[in-house]
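Below are the chains, spelled out letter by letter.
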Amino acid sequence: ETGVTQSPTHLIKTRGQQVTLRCSSQSGHNTVSWYQQALGQGPQFIFQYYREEENGRGNFPPRFSGLQFPNYSSELNVNALELDDSALYLCASSLDAGTTYEQYFGPGTRLTVT
Amino acid sequence: AQSVTQLGSHVSVSEGALVLLRCNYSSSVPPYLFWYVQYPNQGLQLLLKYTSAATLVKGINGFEAEFKKSETSFHLTKPSAHMSDAAEYFCAVTGGSQGNLIFGKGTKLSVKP
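Taken in order, these protein sequences are the chains called A and B. Here the first sequence stands for residues 1 to 114, where the numbers follow my numbering. Here the second sequence stands for residues 1001 to 1113, where the numbers follow my numbering.
Just so you know, the hints here were simulated from the structure itself, not pulled from any lab data. Just so you know, even glycine gets a beta-carbon here, dropped at the ideal spot from N, CA and C. Treat the hints with care, since some could be wrong.
[What the hints assert, rightly or not] Only pairs whose alpha carbons sit at most 30 Å apart, straight line, appear in this in silico DSBU-like list of lysine-lysine:
hint, chain 1, residue 1, chain 2, residue 2
1, B, Lys1068, B, Lys1105
2, B, Lys1112, B, Lys1049
3, B, Lys1049, B, Lys1105
4, B, Lys1058, B, Lys1112
5, A, Lys13, B, Lys1105
6, B, Lys1108, A, Lys13
[Said to hold, decoys possible] Stretches of chain B that chain A covers, calculated by requiring three or more beta carbons in the stretch to come under 8 Å of a beta carbon on chain A:
hint, segment
7, 1037 to 1044
8, 1060 to 1074
9, 1088 to 1096
10, 1100 to 1106
Please model the entire structure based on the sequences and the hints provided.
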């Protein structure tokens, strides 16, 4: 069984640019959540996708957007990058949405904005 | 609103010594609580979770945690530290009905030989 995978591993972008990060969920999982982990901090919830629809959002501006595809893989898009967007972006998949379902995390994408 | 506070951003123990990592939570509803471990340049791995069953929860790698409602605590312990336990540990509580996690700031555990 393949776990959660993310691509790319590392990325360097310039302020003002746009970036797309990708996540493949674990087999059989229909829910994907995205988190931002700034250096020295715990992960912060960005949003969740459940069966291709956004199913909850944290305190992030609209320039953070996402998609979920019919195979339940997901993308995180960030427009107009700012220096503070530099972080490790983690995606987690779960069997279904809700508090009783364990989230399985991918290795993350390290984004550096210069 | 739900939140967690981890006391001590850095804990150092000797190999073989007791590991105690502290976590206090705030929740308006009965919480689901978690401990995750993060090794350098890796994602998060679930150590254990509390979901309102037994208050003493046993996890992987010899870790356990006890849910104490009166103290709003969920401290993580391991009787004997091993060098391979050196990592960052995060306590988390479920935030909303969709099951999103709210994490503490983390505690970095160092293990001295």
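Which numbered hints are broken by the structure, listed smallest first?
Hint 8 is the one this structure does not satisfy, whereas the remaining hints hold.
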